[in-house]
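*Asks:* Modelling step: build the complete structure from the supplied sequences, incorporating the hints.
Going line by line, the protein sequences match chains A and B. Per my numbering, the very first residue in the first sequence carries number 1; after that it's consecutive. Per my numbering, the very first residue in the second sequence carries number 1; after that it's consecutive.
Calculated from the structure, these hints are not laboratory results. No residue lacks a Cβ here, since even glycine has one placed at the ideal position from N, Cα and C. You may find that some hints are simply not true.
To be verified - Each pair of labels, with its calculated beta carbon distance range:
| no. | chain 1 | residue 1 | chain 2 | residue 2 | range |
| --- | --- | --- | --- | --- | --- |
| 1 | B | M353 | A | K107 | 40 to 46 Å |
| 2 | A | G25 | B | P237 | 40 to 46 Å |
| 3 | B | Q312 | A | V60 | 25 to 31 Å |
Stated by the list, open to error - Listed below are the simulated DSS-like cross-link pairs for lysine-lysine, each with C-alpha atoms no more than 25 Å apart in a straight line:
| no. | chain 1 | residue 1 | chain 2 | residue 2 |
| --- | --- | --- | --- | --- |
| 4 | B | K175 | B | K502 |
| 5 | A | K29 | A | K107 |
| 6 | B | K502 | A | K107 |
| 7 | A | K29 | B | K502 |
| 8 | B | K201 | B | K502 |
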Amino acid sequence: MPHSNRQQPLQDRDLHVNFFRPRPGFMRKEVTIIWIALVAWAIMIFVMPIHLAMTHDDPVRTLAEVPYVFGIPVYFWYSGQFLIVWFILLCIFFNVLIDWLSSSYRKRR
Amino acid sequence: MEASYRITPIFLLICVLVVSLIIGLMTRRQDRGGYGLQVRSIGHASIGAAIASNWMSAASFLGIAGVFFLQGYFAFAFILGWTGGYVLLLVLMGSQIRRFGKYTAPDFVEARYDSTVARVFSAVIAIVISLIYCVAQYKGIGLVFAWMFGIEYTQALIFGIVVTLVYLMVAGALKAARNPQIHYLILILSFVIPLMMIAKKLGYNWLLPQFSYGHALRDLPEQVARTYLYPWTFGTPYEWIALCFTLMVGTAGLPHVLSRFYTVPNNRDARWGVVWGLFFIGLLYWSAPAFGAFAETWLSRSGTLLDPQEAQALADIIVIKTAEWVGLNDIFVSVLAIGGILAAISTITGLLMTGAGAISYDIYYRLINPRASERHLLLVAKGATLVLAVIVLVIAVNPPGLIAQITAVAFALAGNTLFPIFLLGIWWDRTNKYGAIAGMLVGTVITFTPILLGHLVPVLRAILPPTSTALIGAPLVILTMIIVSRLTPPPAESLRRFLVEKVHSP
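*Replies:* The structure is reproduced here in structure tokens:
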């Protein structure tokens, strides 16, 4: 396995890579950004169906009560159209932060 | 179904295949002069178009509309699974796998887990994924050919396999290059333009049929509209979430998605390419449900009643059928059919190459005959392609489900095996080869148990629907990998150092 010999050899305890206990510095900041993006991803996808499942068990009442957007029930529009936009925005957000993080570390080097 | 051949689509198909070969030849000549230049001038949008063109298969082009036609809101689980997966891939593993430097599953597994057994296991998984994926594509080709030539599905399937293999061989012999950007443009235009015309024919806003299909749904008789608009008519919330999650982790673990993701000069370009890729894929997925909705509109207006079996049989070509039903010009109906075939053929090319490569290199060369010459390996790869095609034929004769559903099983396998292998391989230094092998074993068992034993134990299918096994499977596999890795010796220090210094450093 190729690896850099230029740096001082790290002690065994320093070789830990763990998503839940990221190493200080670059990795910790990167993992923070990943967590933000993952939470924003998971909540937006899974909260809507869970909310729908808990509050709407009757088709007739559901369709009479929910608000409508562009002529369709709001949850329908949300899943069919908005979430893809949200995914794109999320990727842009993630890329901007990672760009910023990598450039700040490149400068330090 | 009526049994007479349709001359316009047949003629157009021949033209398109010949023209794409000629374009391929011309692109090849240009490439020779400016070697390397092209790569540098690639913009993010163009990388995105390449990602999208690689992604768009018969499942996206024909399958999604079919699922929406049959299951309404439930189809959004497919759409969101197949787009949200890219977010997961980008956020969790994109940059890290790139810095790791191994992009095919077997290469990664060997470098990370240092084990021939694990490598061969992952190669076999990659082959099986390709096979299942191919079955879905060939179902699409079989159905469209049956419609085009007015022949039976089985005949059409055999004919389709022969045509694609001959096309692949000719393209391979001529070394024709494929331009992914043009390919994407052709596919998306051949999808959206006929859709706009269908909307116009039915009297809805034709400029944005992606929005106006909502009105079409509300105009349906109340009883029908309700089944489409109410979220849980065709599946429980658990089934919806399980399917969506499975497709997402599957996308993040699929070998042919991963490798395309990395055929870009640098990490930053690859990341921004994903943004465009998602937008381009989104254009297709925003539009696909509209075909299903307009099909239902036409059916209710014309008073046509389909029994469930007929609807099931038509679902996977509902895109073409809708255009035909509303009375679109022959040429535009044909354009849709050819778009579907092109999407299937290009996906099959990539999949058969991945599969044949895994057989000839990862299994034959690495395991059976390490002294094989390059020519010999090429022969093995060609033979493997034929064998794979025959296996696909045998399974596709009796397709086990809708195109999108068959494809979903391939995603379930990827999500249950390769996704955890990549994820833990990148994010936990302690994962070792024993954990990886145990994980792949458990993942394979979880994927195939409901398929093989589901008819004997019905409750199994309720808990683990064959298309949606990864919601339970992936966490179980991750747990297995953690426990087994903990009980066995850690990986070599040099490898863990590599993870720290290369993979998790800027």
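*Asks:* Does each hint hold? Answer for all of them.
*Replies:* Hints and how they fare:
1. B:M353 - A:K107: 40 to 46 Å: Since M353 (chain B) and K107 (chain A) have Cβ atoms about 42 Å apart, the given range 40 to 46 Å holds.
2. A:G25 - B:P237: 40 to 46 Å: 42 Å, holds
3. B:Q312 - A:V60: 25 to 31 Å: Holds - the Cβ-Cβ distance for Q312 (chain B) and V60 (chain A), about 27 Å, lies within 25 to 31 Å.
4. B:K175 - B:K502: 37 Å, violated
5. A:K29 - A:K107: 16 Å, holds
6. B:K502 - A:K107: 18 Å, holds
7. A:K29 - B:K502: 16 Å, holds
8. B:K201 - B:K502: Outside the cut-off at roughly 58 Å; violated.
The earlier numbered hints that this structure contradicts are 4 and 8.
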